[in-house]
Each structure stands twice: as C-alpha cells, then as structure tokens.
Amino acid sequence: ENLQQLLEKHKLILRGPNISESVAKSAKKKLKMLLSTFMFCLTELGVWLAMKASELYSRQEDDIFMWDKMDISGERVVQAFSLDAVKVFSAFMPSDPQWSVCNDLAASMKSGYLTSKVICLVETLLEYRETEALRCIVFVERIVTSIVIRSLLNELLPLYINWKTEYTAGNNSRLQSQSRKEQNAIIEEFRKGTVNIIIATSMLEEGLDVQSCNLVIRFDPSATVCSFIQSRGRARMPNSDFILMVKRDDPSAIARVKNYIDSGSTMRQECLTHSDIPCEPLGNTMHGEPWYQVESTGAIVTLRSSVALLYFYCSRLPSDSYYKPYPYFSPDEELGICTLHLPNSCPIKTINVEGNTKLLKQLACLEACKKLHQVGALTDNLVPDMVEEERDAKELGSEPYIDEHAKYFPPELIGSCRKESKTHYHCYLIELKANFQYDVQLQEVVLAVHERLDDDIEKVNLDLDVDRGKIIVGIKHIGYISLDSEQVALCRRFQITLFRLLLDHKLDKLYEEDNQSSEKIDSSIFNYLLLPTIGSPHNTSIDWKCITSVTYPENSSKDEHNNCSRNGGNGPRMHTKNGSACRCMLDNSLVCTPHNGVVYCVNGSLDGFNGNTYLELKDGESITYKNYYKRTHGIDLQFERQTLLNAKRIFTVHNFLQRCRISSAKESRNTTYELPPELCLIIMSPISISTFYSFSFLPSIMHRIESMLLASSLKSMPLDHCPQNVVIPTLTVLEAITTKKCQENIHLESLETLGDSFLKYAVSQQLFKTHQNRHEGLLSLKREKLIRNTTLCKLGCDRKITGFIRNEPFDPKTWIIPGTNHTLQNELFSSTKKIYINGSRKIKGKTVADVAEALIGAFLSAGGEIPALSFIAWLGIDVDFVSIPYTRGLFLKPELHVNIGHLESILNYSFKDVSLLVEALTHGSYMRPEIPGCYQRLEFLGDAVLDYIITVHLYQENPSLSPGLLTDLRSASVNNDCYANSAVKAGLHKHILHLSPELHRHINTALSNFDEINSKSTFGWESETTYPKVLGDVIESLAGAIFVDSGHNKEIVFQSLRPLLEPLVTLETLRLHPVRELNELCQREHFNFQKLVTKLNGLVYATIEVEARGVVHKETRSAADKDTAKRLACKDVLKSLKEGVFA
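Taking full-length UniProt numbering, I'd label the letters of the sequence shown as residues 1 to 1143.
Source of the hints: derived by calculation from the structure; they are not laboratory data.
For clarity, every value in this text was computed on a predicted model and none was experimentally measured.
Among the hints, erroneous ones may be present.
Derived SDA-like pairs: lysine to any residue, alpha-carbon spacing no greater than 20 Å straight-line [as the list claims (entries may be wrong)]:
#	residue 1	residue 2
1	Lys164	Ala80
2	Lys371	Val440
3	Lys1095	Leu1067
4	Lys1122	Glu930
5	Lys181	Asn975
6	Lys470	Arg493
7	Lys370	Val307
8	Lys361	Val307
9	Lys1095	Leu1060
10	Lys476	Ile534
11	Lys117	Val246
12	Lys1122	Phe1089
13	Lys844	Val307
14	Lys1122	Ala1006
15	Lys630	Val653
16	Lys349	Val1100
17	Lys844	Ile884
Derived Cβ-Cβ restraints for the label pairs, each shown as a range [said to hold, decoys possible]:
#	residue 1	residue 2	range
18	Asn435	Phe1142	33 to 43 Å
19	Ser296	Glu904	30 to 40 Å
20	Asn908	Gln1090	46 to 56 Å
21	Phe1142	Arg631	48 to 58 Å
22	Val1112	Lys9	54 to 64 Å
23	Asp1121	Gln1083	50 to 60 Å
Yeah, the Cβ is synthetic: ideal placement off N, Cα and C, and Gly gets one too.
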C-alpha cells in the first residue's frame, strides 16, 4: 500500500510543466516496472532483500531504460522513486546500528526480513560446509534476484565458512549488465576455486562445462523440460547433487517437477530405442512452434530460442561504458501488434509483427533473426557475424611461423669461374675523402663488375664513422675495361691476399687460400674486383704495379734495382728474412716479423736510426734497439748498422657503418714502430700504406653497395605492377628494409610509422565503402585482421621480402672476400628475376611486418598514394580509392537536432549533406526513430583519416627527422586525450546527442577541471584529467563526416579540423609518454623497476617503484582506468628521480 501511494506521488510530479508528454509517458512505464520488481522482491525474498533491490536501482548510474525517450528530468523522477522506496523498506528495519539480518536467521524469517525460501537456500548451502572445494551454481529466474542474493550470501557465509559468491547477468538485462569478458572472468574464477558459488540466470544452463561443479540448486523452478535437463547437466562432478526448491503446499509445482523427471527418463529411453532410425524431415513447425531454418547448413532458430539469439546478437554490437545495445519492444496488446526496435548499429532498425498477444515478443524476435540472416548479420550457422569473424581471425593468427629465412645476395656481384680469353667489366670509381687530418692519405679504388649497376648506386653519399672523424664516400661510373684471364687471376689473388691480411692479421689463412685456387668451373661466386688506382682525380688509372705486389719476390728482379742508388733511389740493398732486398722495395711494403707474428705496413726508412740508436721505454729507461731485442725477444741483431724501417701495424677492419662507433684506445693511437730490416719477412711489395688504409674501409662500403643492390631488386617487383611511371629512390627502399638492430644512421622506424598510418587509412576507407551495412565492431575486426602483424608477416613471407631484410649489424669477419671459393645457391625471386642465397638467419615475425609497413611508407613518401596502393596490392591486400556513394537510413529533419550553422562555423566547413553532421554527433545511447544511426562508423573512418593526415603532416614538416622521432610525434598528436581536449575547447561537447546520465556526469567532471588544464601547455598525456572517450570519438567522427561529404578530400578535412587541434605537437614541445620515458630510463641506467595495479571501490590504483642508486622512489596514483593511473604514477616517479638522482 505504501509503495502504491509512492507511485501515485511520483506520477503527479510527472505532470509538471517542465516535463514533456513523451518523457512523462516513458517515466510512468518505468515506475510501473520498478513497482512490480519491488513487490516481487518483497513477497518472494523478504523486506531486507527488497530494500537491497531498491538501493540497487536508486544508485544505478547507467541508463537502465535507454531505448525510451528519456531526459535527465525523467530519470531523476525514476531515481527519486527508488530512493523513497528505500526509505519505505528501511522503516520496517530495526533502528539498532548493531543489528544485522544475519545475526538470527530464524528471527529474521519470523519478522519477514527474509522469506522461508531464502532461509531454505542458506540452510541448504550450510549443509555442504564440510564439502571439500565446493563449486555450486544456484539458478534463479530474475537478474535482480541473483544480485541481491549474492549480496546476502557474501555478508552471511563468511560467518560460517570462507566462501565467495558471484552472480552472472546476461546481456538481455538492463540492470548491471555484464560484458562477456566479465562473465568469462567470473566463470574462470569459479573453475579455479576462488569463487565457490555463482548465482545465475538461465544463460548458464547451456554451454558451461566445469568438471569440478559438484552442486546445482534450482532456487526458482525450471520453466521447461529443456531448462530442467540443461540445469541438471551443469553438475559435472561424479557424485554431485542436484537440488530443486519447491513449495510443499504447491501441488501443481510438485507435479510439474515429477513430470520433468519422468520426461527425462522417457527421452533417454527413446534415444536409445531410436538411435539407428533416421530422422524424418522437419515440417514448418516444431510441436506447433514456428521456426526458421537455413537451407545451406540446416541451422534452426525456434520461436523460443529466437529471443536468446537476438539478445546474443545485440550483445556483440559495439558498445561503451555509457551504452549497452539491446532490443526494445513496443507491444500493443489491444491491436495484437508489436514493434521491435533494434540498436542503431544494426542493419535492420525495426520489425513489425502481429499475432497472439502472448507470443508477440517472441514472434518479433523470430522475424528479426530471419531478417538479420537475410542481410548477413547472422551467418548461415545463425550466429552473429562477429563470432565467426573472431573465430576466423583466431584461426589465421594461430598458424605457425618459421623464423629461419634465407639471406639474399645481389646477382650483379655474382659471376662464373669459367676461364675466358677476355672478360669485360663496368668500372666504378669509389672516391674517399676525409674530413680530418691524418698522416696516411686515402686512395681512390675501382670497383669492376660484370654489368651496369642501378643508377642510384652513383647517388650514394655515404659517411663512414672512423675514430678520427668521417670519411665521405662517392661512387661514379667511369667506363669499361677488358681483362685477359691472367690479369683477372692476378687481380683476384691481389684482393684475396689484401683482404685476408686486413681481416685476419695472420699468414695462416692466406696460404690456405693460395692452396685452394683450383676453382670450380661454372660455379657462381663473388666475382667482382676491387683495384687500387694511381694518378690524379681527373686522370685515374689502375695501379698494376701495386697489384703485382702480391707476386713478390717474382716481381722483383735484382738487375732491375742495380742502379737504384745511382738514379736517385734509396739504395743500398738491405738484409731481410727473404734475403737481400733493395731498400725501395721495403719502403712501401707489407712485412711480417716472425718472432712475434705481427704484420706491419712499412712506410719508408728512418735515416739516422739503426740498431745502436737509443729508445726510451715507458718506465723512462734508455736502451739501444739491439739490446732491446736481445732482452725482450732473445734476438741478436746481425746487421745492427742497417737503417730501421718506419712501420705501422696493419689496419683493423671495423663496421664503419655503425653509428656512434666507439673506438678503442689502441686504434686511436697513431702508433709507429721502428723495425730492423733483418727481422722482416716481405709479403707484398711494392704497396703503399695508403692502399691498405683505403682498402680497410671497402668491406663496409661493399656491404652498403650490396644492400643497395638488394633494395633495387626488391623495389623493381612492385613497380612492374604500378600503373604510373614513378621513380622510387633505392636509398629510401634500403631505409625501409634496415632495422634498428643494424645500428646504422638509417633505419625503418619513420617509414614504418608512415606506412602503418597509410595502410590503416587505405584499408579503413575500403571497408567503410564496401561494407555499408556492417557496424563499426565488425569493420574494426576486419581491419585488424588485414593489417595486424601476423597477416603482414605472412604476406611478406609469401612475397619473399624476408630475404632482403637487414636485421643485424655488419660483421666484417663474416664478409666474404670476392674471388674466394665461396659458392652460392640461386632461386627465382619472380618468374623473370633470379636472386642468390648467402646463408640464413632468424627473423622475428614482427620484424617482417614492420618492414612491410616501412616499404609502404617508402613507396608513399617517394611516389605518392598510387604507388603505395600498388605496393599494397602486390603484397596481397585488395584496396582502391574508387568512390562509392555512402548509403544509409533516412534522417528526418536533421536541422531540428543540432545547430547546423553554428557547428559549420566551428568547423569552417559547409556540409552538402547535413545528416552526416547529425550522425557524427549522435552517441549510441541516443536511439530515436528519426535518427537511424550513430557516429560509430564515421568514427571508424575518421580515426584512420586523422591518423594518416596528421602523420603525413608531421613527416613533411620534419624532413630531416631522425628515425624514431616521427613515432613519438605521432603518438603525442594522435591520441584520444588530445582530441577530447580539442572537442571541449571548441564547445563540441554541448552538441553531442546522447541519453546517458553517466556520460553527462563524466563530461561535467572533465569540464570542472578544464580551465586549469587549458591554462597549461598540454599535449595529450600531460593532462591529469581522464576525459570521456566519447569526446575524442566525436573529433574522429567529424573527420569521417567531412571526408565523406567532401568526396574523400583529405586536405579539406585537415584544413577544417587543424584549427581545433592546434597547437600541434612539435619537436620543441614533444614530451615522451611517462611510462615509456621511465621504462627507457630504467633500462639505460639499470634501475630496478616494479609496478602493482589494484582495484578498489571502482578506482584503479597504480603503484610504481624504482630503486635508483640505493634510493627507492615510490608513488601511487588512482584514476578511473589503469592506463591513466600508471601514467600519473610514472610521471610522479620521473619527477622524483629528476629532482633527486639527476638533480
């Protein structure tokens, strides 16, 4: 009676002048439903649980009845009714603050606080206190029952035993609806035993398989035999119990239960009897029940199962924390008709049916399922399209990846060992210029190859990092040369000897190479020549005298040197380990001192220095060279009066491509040695020290040339399929296939970022226009499936991109000396192009995906969108920019919903189709028949468009950006907080169409801190306020709307939205994300880093702890979500570190 009076009181309030008729009508319907719910709880569960139910509804923050035409005023009346109901029930409760309904259950039942049915459930559960590892499911009919009983059991059971209770609510409930993720988490806890009791509705009757479930209780009786059998089947453990709670004074209920039990036995017997008899075809009805069958698969949905299927379908539609999609029914029992309204993201908006008034909702659901299948929203297996898409994506992602891949070598540098009378070579001059002073001069070198190289090779401006500065390398084609077989053999011998000594500093392997000179006829080897030069820069020729140095002493005739001294030479002859040699042959030679096995380059003689000359040791002692060698090496100099030789140790070959290479103290010293000639074994002569110095850089230079040639081969394949005649610089492709691990001054990160944004944009616009009836969730899943790393990795492997990837630093020790007996396999890279395999290496799948994106970026940056699209198509992703009209539901009088003129002035854009503007501002909760859509699809498109145009802007504005910084700029610019801040600054939050009180509250909270935030220069993650994601979504949806309305004109989108997004992040204002900055700092400084994330009272608490140099820096911050809490905590720890450790 009190509740009825309360209902009339609030109905009277709804007659107020400020409440519209439609709002009042909707609110009255809700009040009636609430009254019915409270009365049910009062009679079935008791006063105390009825009070708990009213408390639940009074603080329900989400819009429980989102479909109805409600506004804030109507919602307040409904909430006030629940609050007043709490007061009504509280009046029947004892006033003693120490009183608890759990203190005396018998007294609580006698006073009506709990019903006998609830007490029976509690007592039944307590009978199982001794059961080890209880797993119990209690089935109830209503969601509200599951929630309030969970509340009671969690308050009562801990007094007796340490059991935890949870509830599960299906998506067809508007009361504290749980996501599938939340439901799965509860079920997983149930499996593990951290949850002992689940209070569940019929949603758990099917499909839940927990082998350890040992108790099932039916709190409310089963509605059907099927429900009875399914719920009983949840008790999976042997010797488990199934308990039915039935009123002893309800004979019809007892009879129904007996019938269920008998039916189960009958069905079991019938199954055994007819197991071998084939089924007859189904008729148009199943036991008088309408149904719909898919002909191709035989899948069936019945009148009864259609309700659950429709709610399941709606649960897989896109949602957010402010809105859960579900169907809404408008039945008219007098006329026998029902209109079913489906969410805006559904391809079908309304379903109208007529028929039996008791079956109207079920008929509408069955018809909806039929229509949804016909438009493809339900698959041929009658499951939501999202389910099968997710399953397909999971299957594709589970394919095994083999990380061992071939390593390619360019065919331009490969030749045959076949001996020919004349071999023709293209000659390239490798110019070396130092930006520093050094007493050893650089020499130009000739690269001789069998075929003309890619023109881009001559555009290489390579800087080598050496210990004294930089060496600038230039390459140019200078003509042709023909060599006979003897000359070729001599050149090969020269470069093999020279490089072997430079790489190993030992003679052992040099003699091994000499003994293996019998080459395999017709085998493919590294057959190019690197030759020393002589002459001026404008008149260069090959230094054959130097090349013949490898034949010493055959190239040195005694008669030839008889007149050396008389002709101004350096005579006289000197005694060496080889015997007597002319001084001129020693002055430019490579020697070895056998007593210590060291190889030296001799660069002249030291007049005035001989064995009797004194040298000063490190400890200050002075000693003659003769005595030094006697004491140190036990050698008696026989020719102590011979002039000593001026020598340097042979140069060490390094990876001079490595950026910021740290030179050792040994190689930095400009150390010279004074050598007695009699201790020297001449290996090569005449050859200058400049030749050795210059040739020490050639392995690094040739590695870069090899890489350039590979990049040239790779780019030629997609270009063959490109409709435009475009030029893609080889160096750009090289950058795209070079990973950070190579430690060079180029790597793929910037191009990868650019390519990633373009691929996302290209695929998004393709899906948007080709799947116009599909919701954002499905589009996002399809996009993810196409552009995720596993897909790109597979496509990259299929196109053999892996062989071209450079994922390790150049190691000169593994460099293969041209002309050595090292054979290669070859394979067809395409139907017309051959490539060679030089071993294998391991490459991570993500690296392959990154390179694929970087190559897209390379084609985009160098050639534009058409070549980039061509590369994507060559890769195996079908996209184009062909315009297709955007068709959707008809918007009635869009100008009535938003201030079009004002919004167009904010955006500096006039819409041709203003309904796009309305759609871009409509949140999913705003479900009105005159607005048949929401912003989700436009947000999906606009997200990709904005990401792409901002990334391109940043790339073009910073042409000399170092790799990696573009990624940081993009991350700081393209994020929801930046967009949300722009939306609030422009006042767009005032124009968002929604019916979510929680979103309204969240926006107001953000606005209350906006002035303080806006007074600072913040870029995304610097803000300490958590914005509703909806605010950022609206910027993206507006970008999508302008993009569609302008005929896919990205420049117009940027011109329109750039003023809202200003100031854009620049290199000067860039701030790294605090989480990333702290992680990198801890890795660099080897600090101990720990984090802990917990949840309490709806807030997430993140604790970050860093131990730095004996001091612990620990901060805890809370926020509505985990990411914000971690960001704020990391920001505080960084501040503490900078003020303490790095002050």
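Which constraints among the numbered hints does this structure fail? Numbers only, ascending.
Numbers 1, 2, 3, 4, 5, 6, 9, 13, 15, 16, 17, 19 and 23, in rising order.
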